[in-house]
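Could you slot chain V onto chain A? The hints should help.
2 protein chains.
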Amino acid sequence: MIYDLYKAMFYLEDIREILRKNVPFGISNEKDEKEFNDLLNKTVQTLEGLSSEPACDSGNNIKYISDRIEIRTREEEFLNIDPIQAGGRLTPEARKVLISYGDGYSVCDNCFKPFRLDYIKKPPVQEFVSELSEFLNMDDVRVVRGARNGFQIVANALLNKNDVALISSLSHYTLALSIESMGAIWKEIPAGKNNIVTAEETAKKIETVKEETGRLPRLVAIDHIDYNYGNEHDVYGISKVCRDYDIPFLYNGAYTVGIMPVDGKKIGADFIVGSGHKSMASPAPTGVLATTDDFKDVVFGTTKLKGDVTGRKFGIKEPYLLGCTVMGAPLVAMIASFPVVKERVKDWDDEVKKSNFFISEFLKIKGDKVSSELPRRHTLTKVDTSESFDRIAQKHKRRGFFLYDELNARKITGLFPGASRGFKLNTYGLNWDQIKYLADSFRDIAERYGLDVE
Amino acid sequence: MIYDLYKAMFYLEDIREILRKNVPFGISNEKDEKEFNDLLNKTVQTLEGLSSEPACDSGNNIKYISDRIEIRTREEEFLNIDPIQAGGRLTPEARKVLISYGDGYSVCDNCFKPFRLDYIKKPPVQEFVSELSEFLNMDDVRVVRGARNGFQIVANALLNKNDVALISSLSHYTLALSIESMGAIWKEIPAGKNNIVTAEETAKKIETVKEETGRLPRLVAIDHIDYNYGNEHDVYGISKVCRDYDIPFLYNGAYTVGIMPVDGKKIGADFIVGSGHKSMASPAPTGVLATTDDFKDVVFGTTKLKGDVTGRKFGIKEPYLLGCTVMGAPLVAMIASFPVVKERVKDWDDEVKKSNFFISEFLKIKGDKVSSELPRRHTLTKVDTSESFDRIAQKHKRRGFFLYDELNARKITGLFPGASRGFKLNTYGLNWDQIKYLADSFRDIAERYGLDVE
Numbered sequence: 018m019i020y021d022l023y024k025a026m027f028y029l030e031d032i033r034e035i036l037r038k039n040v041p042f043g044i045s046n047e048k049d050e051k052e053f054n055d056l057l058n059k060t061v062q063t064l065e066g067l068s069s070e071p072a073c074d075s076g077n078n079i080k081y082i083s084d085r086i087e088i089r090t091r092e093e094e095f096l097n098i099d100p101i102q103a104g105g106r107l108t109p110e111a112r113k114v115l116i117s118y119g120d121g122y123s124v125c126d127n128c129f130k131p132f133r134l135d136y137i138k139k140p141p142v143q144e145f146v147s148e149l150s151e152f153l154n155m156d157d158v159r160v161v162r163g164a165r166n167g168f169q170i171v172a173n174a175l176l177n178k179n180d181v182a183l184i185s186s187l188s189h190y191t192l193a194l195s196i197e198s199m200g201a202i203w204k205e206i207p208a209g210k211n212n213i214v215t216a217e218e219t220a221k222k223i224e225t226v227k228e229e230t231g232r233l234p235r236l237v238a239i240d241h242i243d244y245n246y247g248n249e250h251d252v253y254g255i256s257k258v259c260r261d262y263d264i265p266f267l268y269n270g271a272y273t274v275g276i277m278p279v280d281g282k283k284i285g286a287d288f289i290v291g292s293g294h295k296s297m298a299s300p301a302p303t304g305v306l307a308t309t310d311d312f313k314d315v316v317f318g319t320t321k322l323k324g325d326v327t328g329r330k331f332g333i334k335e336p337y338l339l340g341c342t343v344m345g346a347p348l349v350a351m352i353a354s355f356p357v358v359k360e361r362v363k364d365w366d367d368e369v370k371k372s373n374f375f376i377s378e379f380l381k382i383k384g385d386k387v388s389s390e391l392p393r394r395h396t397l398t399k400v401d402t403s404e405s406f407d408r409i410a411q412k413h414k415r416r417g418f419f420l421y422d423e424l425n426a427r428k429i430t431g432l433f434p435g436a437s438r439g440f441k442l443n444t445y446g447l448n449w450d451q452i453k454y455l456a457d458s459f460r461d462i463a464e465r466y467g468l469d470v471e
Numbered sequence: 018m019i020y021d022l023y024k025a026m027f028y029l030e031d032i033r034e035i036l037r038k039n040v041p042f043g044i045s046n047e048k049d050e051k052e053f054n055d056l057l058n059k060t061v062q063t064l065e066g067l068s069s070e071p072a073c074d075s076g077n078n079i080k081y082i083s084d085r086i087e088i089r090t091r092e093e094e095f096l097n098i099d100p101i102q103a104g105g106r107l108t109p110e111a112r113k114v115l116i117s118y119g120d121g122y123s124v125c126d127n128c129f130k131p132f133r134l135d136y137i138k139k140p141p142v143q144e145f146v147s148e149l150s151e152f153l154n155m156d157d158v159r160v161v162r163g164a165r166n167g168f169q170i171v172a173n174a175l176l177n178k179n180d181v182a183l184i185s186s187l188s189h190y191t192l193a194l195s196i197e198s199m200g201a202i203w204k205e206i207p208a209g210k211n212n213i214v215t216a217e218e219t220a221k222k223i224e225t226v227k228e229e230t231g232r233l234p235r236l237v238a239i240d241h242i243d244y245n246y247g248n249e250h251d252v253y254g255i256s257k258v259c260r261d262y263d264i265p266f267l268y269n270g271a272y273t274v275g276i277m278p279v280d281g282k283k284i285g286a287d288f289i290v291g292s293g294h295k296s297m298a299s300p301a302p303t304g305v306l307a308t309t310d311d312f313k314d315v316v317f318g319t320t321k322l323k324g325d326v327t328g329r330k331f332g333i334k335e336p337y338l339l340g341c342t343v344m345g346a347p348l349v350a351m352i353a354s355f356p357v358v359k360e361r362v363k364d365w366d367d368e369v370k371k372s373n374f375f376i377s378e379f380l381k382i383k384g385d386k387v388s389s390e391l392p393r394r395h396t397l398t399k400v401d402t403s404e405s406f407d408r409i410a411q412k413h414k415r416r417g418f419f420l421y422d423e424l425n426a427r428k429i430t431g432l433f434p435g436a437s438r439g440f441k442l443n444t445y446g447l448n449w450d451q452i453k454y455l456a457d458s459f460r461d462i463a464e465r466y467g468l469d470v471e
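Chains A and V, in that order, give the protein sequences.
Terminal number for the first sequence in this note's numbering: 471, no gaps in between.
Terminal number for the second sequence in this note's numbering: 471, no gaps in between.
Because the hints were derived from the structure by calculation, they are not lab data.
Check each hint, because a few of them may be wrong.
Heads up, the list lumps identical chains together, so a pair's fine if it works in one copy or across two of them.
With a cut-off of at most 20 Å between alpha-carbon atoms, the simulated SDA-like pairs for lysine to any residue come out as follows [to be verified]:
#1 K38 / R427
#2 K178 / I202
#3 K334 / G200
#4 K204 / E229
#5 K257 / E224
#6 K204 / R329
#7 K210 / G328
#8 K130 / T430
#9 K321 / N177
#10 K334 / N127
#11 K386 / E471
#12 K204 / K323
#13 K323 / G200
#14 K38 / C73
#15 K321 / N173
#16 K51 / S68
#17 K59 / S69
#18 K412 / R465
#19 K178 / G200
#20 K334 / N173
#21 K453 / G43
#22 K399 / S377
#23 K330 / G318
#24 K139 / T430
#25 K178 / E229
#26 K38 / T430
#27 K386 / D407
#28 K138 / P434
#29 K323 / N177
Just chain A, with the same shape it has in the complex:
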């Protein structure tokens, strides 16, 4: 059915193109009139044959959108447990916005003085930005080009060459790159054996840096939930340590902002960074950077220079942001998803419950282990199957791919193909039926290959 649905939607885009070509006259030539009618007939025919059976398409499937680009049906055909994709699935509202606002500078139709993206009222960018600030309980916020661009803006504003910034031994690589890009140096707070970054280790590391370099680190940036284990790190304690040392603290909420409640003031963060495409049901590349009154003029400071020939200045444009950030469709889609995002964070406890339920079922398969902390406090989990599924893989003709194949046959996707020793998965957004199906599927596969199951 999804292929037929796409077919119909694509016909409608072709109809729309006829309209665009003939603007403002209307469809006035015979050729376009005929094409319009043909397309319309084909659409209606396709829809009349549309079956509510997902696997059932008319047969004349189109596989490609255009030259070399395949239609993507991952979310319509599969239960997707990909570790990074769960929170970035669009809402239907965001998808409708993409249809309407796709064109390059679509968001700039009504850009008036003072000519800055976050002042645009139609679509309601200004309102969104102000609600976002409230949502995060921070004083000011901007939409940025992905979480990594948020890190970069802070690094750019705060770090000089050879300054030291602390991240953790479990930090995402983009935090490290942002610091490196400014010629500064990142050092790691060790997460230790239990893979949890603590306030104590943070204080120790700060002291070590002070001893070694004679200066305090200029920034501490910690992922609340890390990308590898999905463990929760002590951002509350770490923020307190940073306050004691008077070191700015950046909270990386790529895996939190948009799926669980995040209260910047309660955390005590100087900067909150979130990811639109990771956790806010938004297209890439989108993110948010929020800050406090203390730091807003540092990171969102406006341009200071003026032209030596013309004397021109650029008003309220913000250099570290390079003026307007995410113009166009991804921003408006983010706005469209926001009402849903604001509501869904309230369901976080249930999401964690589902995550723990799945894991408890998964652990009934003999040999299965969990590398992440237990009980789970997040929906992203790393599991160790070296004593279970990998044992099968070693004897299977498809090696590690057997697990991918088996899941695929059960319409489950998102595992790294070939991974059988261990993998990451994310149950975010699955309902209880889907969670149970997921657990049952692993059990089925285990039983099929003779693994003991409780």
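Below, chain V without anything else, positioned relative to chain A:
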């Protein structure tokens, strides 16, 4: 008709959502089955009533996509001569891609070793990047988060604090901000009275900086076509001067790459920057940064640091790019438009012809002047109507808005509302019928208000 068309497309998105919610079971409950059938019926009904008359909708128009976000119909209802929007209108292929690839990390479904965006084969990112390099006749290229991000990457790689970089007195503000963001200083090469930046003035300015600071500028960055007049500046001559002084030269092709032929080697550019949403029929925020073998390791250099605790390194990730750049829908849409973009640059001469035709007609209205160079070498033009339409505005009860109103009534949009002393417009992409209609419309308005017309 466009509202009905949107209505149908949105119903189909709602159907798609039912499918997504029920994955992988299929629509198995009565409620969803009923909703599916209702939506399907409504879609077919809407389509059956779809008229090929653009202004004719069923009457039950939906005005909002979702809470506060209005449907955008600018390109379907109006002849759009907005100065910045012309080259960023999506192709139907790109629009179809947005439907299919909207979800956050959609482009990462098949990301395998070495785990970098520009190595992804499905969708064909790798192939695209390589074709893009050929298209620009440069040695290497990356997709970046808008032209401004391209400027920033070069500024980040090349400039130290207090270094001087030259731009022109007509440069876009984002060039200035990129330089300022690195703590460097931008100075202007004067365009002079005729508003053309020359090699001679560039050499002079280089000498002045050398005299004043004892050092050469570290970068010269010039817009081939400026944002204000749409004038062509002597990038060939300027690039030669830069070579003579051994100063890196950045060619800003925001108004050229994707609409006219650009040959990096012929220009002699060290860097070519282009804008996806301005000139490559792509959604924002997208752009390209191309460079030569001499500079590719400077701007696209891979990460050098490693973890002091873990010893981890991040392989081939590029710090100035922050690893992967434009993940997701905007990139795939850019790829989808590329075959069209490659073809359309061949029509540039005709686009310029149409621009000149319109301007020659426009100048038949007594008092109309053109602030840009003549004959036009681009489709973006600044006109001066202080002695024509502004005279009307001064006596009109709607003041300067009268012109906007009159054009609006003729289904022409893109002028800054209220502007009657002068404005910018862009005829890119209009066909001859539309160009003639545009010229006739201005003539009509002039005649209506008693201006003399040749």
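Here is how each hint holds up against the structure:
{"no.": "1", "hint": "K38 / R427", "in the structure": "between (45 Å within a copy, 16 Å between copies)"}
{"no.": "2", "hint": "K178 / I202", "in the structure": "both (8 Å within a copy, 17 Å between copies)"}
{"no.": "3", "hint": "K334 / G200", "in the structure": "between (25 Å within a copy, 16 Å between copies)"}
{"no.": "4", "hint": "K204 / E229", "in the structure": "within (12 Å within a copy, 40 Å between copies)"}
{"no.": "5", "hint": "K257 / E224", "in the structure": "within (15 Å within a copy, 53 Å between copies)"}
{"no.": "6", "hint": "K204 / R329", "in the structure": "between (41 Å within a copy, 11 Å between copies)"}
{"no.": "7", "hint": "K210 / G328", "in the structure": "between (59 Å within a copy, 16 Å between copies)"}
{"no.": "8", "hint": "K130 / T430", "in the structure": "between (48 Å within a copy, 19 Å between copies)"}
{"no.": "9", "hint": "K321 / N177", "in the structure": "both (19 Å within a copy, 17 Å between copies)"}
{"no.": "10", "hint": "K334 / N127", "in the structure": "within (18 Å within a copy, 38 Å between copies)"}
{"no.": "11", "hint": "K386 / E471", "in the structure": "within (14 Å within a copy, 85 Å between copies)"}
{"no.": "12", "hint": "K204 / K323", "in the structure": "between (37 Å within a copy, 9 Å between copies)"}
{"no.": "13", "hint": "K323 / G200", "in the structure": "between (26 Å within a copy, 14 Å between copies)"}
{"no.": "14", "hint": "K38 / C73", "in the structure": "between (35 Å within a copy, 17 Å between copies)"}
{"no.": "15", "hint": "K321 / N173", "in the structure": "both (16 Å within a copy, 18 Å between copies)"}
{"no.": "16", "hint": "K51 / S68", "in the structure": "between (28 Å within a copy, 13 Å between copies)"}
{"no.": "17", "hint": "K59 / S69", "in the structure": "both (19 Å within a copy, 15 Å between copies)"}
{"no.": "18", "hint": "K412 / R465", "in the structure": "within (14 Å within a copy, 86 Å between copies)"}
{"no.": "19", "hint": "K178 / G200", "in the structure": "both (5 Å within a copy, 12 Å between copies)"}
{"no.": "20", "hint": "K334 / N173", "in the structure": "both (16 Å within a copy, 19 Å between copies)"}
{"no.": "21", "hint": "K453 / G43", "in the structure": "between (53 Å within a copy, 16 Å between copies)"}
{"no.": "22", "hint": "K399 / S377", "in the structure": "within (13 Å within a copy, 68 Å between copies)"}
{"no.": "23", "hint": "K330 / G318", "in the structure": "within (14 Å within a copy, 33 Å between copies)"}
{"no.": "24", "hint": "K139 / T430", "in the structure": "between (39 Å within a copy, 16 Å between copies)"}
{"no.": "25", "hint": "K178 / E229", "in the structure": "within (17 Å within a copy, 26 Å between copies)"}
{"no.": "26", "hint": "K38 / T430", "in the structure": "between (40 Å within a copy, 15 Å between copies)"}
{"no.": "27", "hint": "K386 / D407", "in the structure": "within (12 Å within a copy, 76 Å between copies)"}
{"no.": "28", "hint": "K138 / P434", "in the structure": "between (45 Å within a copy, 15 Å between copies)"}
{"no.": "29", "hint": "K323 / N177", "in the structure": "between (23 Å within a copy, 19 Å between copies)"}
Consistency note: the structure conflicts with none of the earlier hints.
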